[in-house]
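Residue numbers (UniProt numbering), protein chains in the order written: chain A, 1 to 168; chain B, 1 to 277; chain C, 1 to 794.
Keep in mind the hints are simulated off the structure, nothing from the lab. Among the clues, some could well be false.
Have a look at the derived ranges for each label pair, beta carbon to beta carbon [as the list claims (entries may be wrong)]: (1) P45/C to G154/B: 25 to 31 angstroms; (2) Q450/C to N67/B: 53 to 59 angstroms; (3) E3/A to L33/C: 25 to 31 angstroms; (4) A447/C to E259/B: 25 to 31 angstroms; (5) Q784/C to G163/A: 50 to 56 angstroms; (6) A793/C to G248/B: 26 to 32 angstroms; (7) S18/A to N67/B: 45 to 51 angstroms; (8) L33/C to E259/B: 53 to 59 angstroms; (9) G57/A to G141/B: 35 to 41 angstroms; (10) G154/B to D699/C: 21 to 27 angstroms; (11) E533/C to E259/B: 56 to 62 angstroms; (12) E3/A to P45/C: 29 to 35 angstroms; (13) G248/B to E657/C: 50 to 56 angstroms.
The beta-carbon is built from N, C-alpha and C at its ideal position, and this holds for glycine as well.
For reference, the chains in residue letters:
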Amino acid sequence: MAEKVRISVTVNGVQHTSEVEPRQLLVHYLRETLGLTGTHIGCDTSQCGACVVHVDGQAVKSCTVFAVQVDGSSLTTIEGLAKDGHYHPVQEGFWEKHGLQCGFCTPGMIMAAVDLLKKNPNPSEGEIRHALEGNLCRCTGYQNIVLAIQYAAAKLRGEPVTGAVADD
Amino acid sequence: MYTAPFTYHRAQSLSEALQMLQQNPEAKLLAGGHSLIPAMKLRLATPPALIDISRVPELRGIRREGNTLVIGAATTYYEIESSELVRQSIPALPEAIEQIGDPMVRNKGTIGGSLAHADPAADLPAVVLVLDAKLKIQGPGGARLVDVDSFFQGMFTTAVGPGEILTEVHVPLPQGVARMAYEKFPHPASRYAVVGVAVAIGPNGVRAALTGAGDHAVRLSKLEQALSGQPLNAQSIEAACQNLVDAGELMGDHNFSAEYRAHLVDVLAKRALLRLV
Amino acid sequence: MADVTKMVGKAIKRREDPKLIQGRGTFIDDIKLPGMLHAAVVRSPYAHAKIKRIDVSRALAHPGVVAVFTGEDMMDINPMPAAWQAGGVKSNAVTPRALAVGKVTHVGDGVALVVAEDRYTARDAVELVEVEYEPLPAVVDARKATEPGAPLIHEAAPNNICMEWECGSKEKADAAIASAEVVVKEEIINQRLIPTPMETRGCVARYDAATGEFTLWMTSQAPHVHRLLLTAFVFGIPETKLRCIAPNVGGGFGQKIFCYADYAFTMWAARRLGRPVKYVEERSENYKASTHGRDHVTEVEIAGTRDGKVTGLRVKTWANLGGYFSTIAGGIPTTLYGRIITGVYKIPAAHVKVWGVYTNTAMVDAYRGAGRPEASYLIERMMDRFAAEIGMDPAEVRRRNFIQPQDFPYDNGLGMLPYDSGNYEPALNKALQMVGYENFRKEQAEARKQGRYLGLGISSYVEICGVAPSAWIGAVGQGWGAGLFESANVRVHLTGKVVVTTGSLPHGQGVETTFAQIVADELGVPYEDVTIEWGDTLAAPFGYGTYGSRSLAVGGTAVHKSVQKIKEKAKIIAAHMLEAAPEDMVFENGKAYVKGSPDKAKTLAEIALQASLAYSLPPGVEPFLDETTYYDPPNCTFPFGTHIAIVEVDAETGKVELRRYVAVDDVGNIINPLIVEGQLHGGIAQGVAQALYEHGYYDEDGELRSSNLLEYAVPTAAMLPRYELDHTVTPSPVNPMGVKGAGEAGTIASAQAVMNAVIDALSPFGIKHLQMPATPERVWRAIQNSRQMRQAAD
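Looking at chain A on its own, in the form it has when it is part of the complex (with noise of 0.2 angstroms):
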């Protein structure tokens, strides 16, 4: 076994300073280490997106970063998304529009609509469906994530946006 290198990172506004086996990967570090088990992991080939999180701001597949990678770093998790209680409005757009049933891609998918909604505050549906292509779904065909994403956007700028109707 190699030897274990010291990190410190600061997860959700908390600091965590650990030893970790340098091929741990960060995914395994936040569920496993810090029993941050919102992250989830869906395959084995970088491909899913269950993983995603926000290393720097910037969203990531956690499967696909070493926790030694991210020494230094501030991290955000689905867990730490939720501000004084309240729901970020990409977590409220998925729960307003049925954009979730099994939840299972659900933290990463969220994760990834934040990070597109920072650089994109105003996407078009073509491009909230690009934005997506890292992040599969297998329950709800994207239409209500697109949905939520939408209503997300419009919150965060200041539009009026209205909950749970069914779309026919």
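Got chain A sorted already, so can you dock chains B and C onto it with the hints?
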């Protein structure tokens, strides 16, 4: 999902990185890790040591030096995609980069990582080939500037030798805006290029390059010659984009045979060129 | 008295969501027990091979490795059970053992188990187990596997045929085809799919040596069934010695119904080692070793008249079962396929013959729709082939053959229970109207002149939901060997809060929300006061779980019935409190009162308090409001509808673009439209994926070439369209709520809508049929062939 064990070394400077490479000749360089780590997770790659160069300042950033755009090798796709300087000087480059992987891949993946890894299905090799780029390679004995045409040498093989590091990508900037287009036929699952064709109009005519279909990215010399001295219009393009490559030289699998890929080369080359007319 | 606001029928957002959107769900890999070990499996790289020797010594010596086991170590437990055998149908079922013994029959077959202190070490040690194989020739195609000279996979199954099955009348079908004006013959392949729930399968087993009791946390759609099968059949221990718990389950689509080797070896290892053991598949393992779906090769003939009446259908299907027989594999290509093969049409003569065949591939069992998508694809593709052959509009051919409203309940003559209710033409007409059928045909003709290829595909479907009636599905001859009723317990606690435990096992379907809507309305209590519990065999009454779109029609009805019993008892207690006669009581909007005197009412909370304190109850009445129902419906339900896809084919690349997707579904009464739409969206996505993208592909040597998500094309958001939905509503007479089910309808309807559209687009090239998926190269080749043939003809 679980890589083999390795030792981890983080370089703070280029000289330290070179030194580490000297001491760990079997080591792999780690920048964005988005080519290397997936291969390690499947245990297709089992390097005994990794040297993390993502924080080496000399490898970061985008700047203009005269008529050359200089991109540090550890600059991420996203940094290039969102760079005002790049958008103004080579607007087609961000457009091409937006077709790579997905946003998370582009947030971490680096230009140097992609080029030095030389995956036969990567997008950027075709793009830098038509941009007539030069690659700066630093070794223990100093730096050299390699012409892109001699950079890609085979599957996962480039001009970067043992103990060397790709440090910068130099893209010549023509007068005004560089005219380039990249057409990609993505694999529906991996999103890598089944076939990707890049074309650019340079001072010496059309440059065209192909990725995805062979064992490494190559210039489409047949196309370049067919268009040499020709006016670029729908007719000349249609006439030129016929049987550009021989299927026998291409890779094939159960989804995309070599014959089909050869056909796609013609179609994508045509479509890319038509965007420049 | 004013009605309280009704919840049923409202698009209310799901109560399941708050924890899931915060990452606070508990999925299988989130479970961590003190002292827990991690298991990893050594899997066969060969499709078919004898195991000559296994040397575990190097793995065992690896630091952190606790134990390494092989199949020989686990001979004290039985192979996995198969429901089909219990059904009394003749079959040559060979089921997997916890680990392979003597030989392997597919790539990914488990050969040895490594148990270590952490998951990285376990995986490292897998590489250190040395297995010597003697490779054998492999066969992956079901029809080829039955041909002379094919490699024999199991001695017990000559010619690799596990089972033969038929339904309908061969004589009638033969006669209809022999005398028909028009006969169209086709070979139709329904390709292998890999279900791909985003959470892979897994489990955590704990054994308490003091009591001899196991606890198994598992990714399960049916924990009670798993408990029964693992104890009574695999371990031979009392059922009460195992508690099965399904935490949040990250999608199932059928794959999490079955009894898998890993549940057994994890339990076995936990008992042997005296420590909890966790096993969670990696995605590549899920692809190689968990069940796949579909994989039929079919020869079909459809017969009819020149004026569009279909008179006969003859079907021969080779259904690929994989390297072993999975839990309910026998029931899928038979009962749920053959018995509904004539779809929404009155076809007077039909016969279906099915061979279930072993091959050197992963096991095949139910995947979303399970048999019905294969049946619906077959008939809808053939209706289009027939329409094209006689030169009639495909919508018109459908109209001329629909089962009519007055025909219900309708017996299709194939041994299916009678279709409960239906009115097929309005759904077709509505879909045609939504899509602008007449205009589209004009646009299509115009586009063709410009060398653009548009196509429209119609799929009118009927399916079987609420698969249940035990007297039918469990009967000898159906091959399921089990009833399929569902249970619900409803309790009103003394605080007036209502707790429902259900045998259903929601994993995305929103059952907590819909069941609470039903209970809130029926009992007249606030929706927030109703709690739905599920997933733990210790807490919930015995139930069969969630699959076959049965949660609402069967499980929901069980809830509904328990609530009625609660109301009856509440009336009796309220009558006692009001010194009235029970038969004079009314229960309405959460209150019981004497008919005509609603102002002197007792609320449910008051009644529950009385029932719980129990110091003053009418004679013979037990304390507490607590009622259980085991609901076994008299029939299945039969949702239906019409889906229409519009595609454009890029003739240069062969790429198909799905431009519009319109769906008109009739799922009976709707409890929560938001959830129904979500189910339909996801269902449609999986059918579209079959038509255009997905293929679980084995090469001839039995290597799975689509062995992970780099190769297997689960569609992304950019690869799927926006769905345009509408409904008709034909309530089911089968259950009191008039509901049918919506979980699989989208998948059952969609693949053929897309394929019919693709082939419609390609009709100018004379292309009559293409196999799925319509990948760019396959479409391009079909166009090339057609051009070459025309050139040759000129």
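Which of the listed hints are broken here? 2, 13
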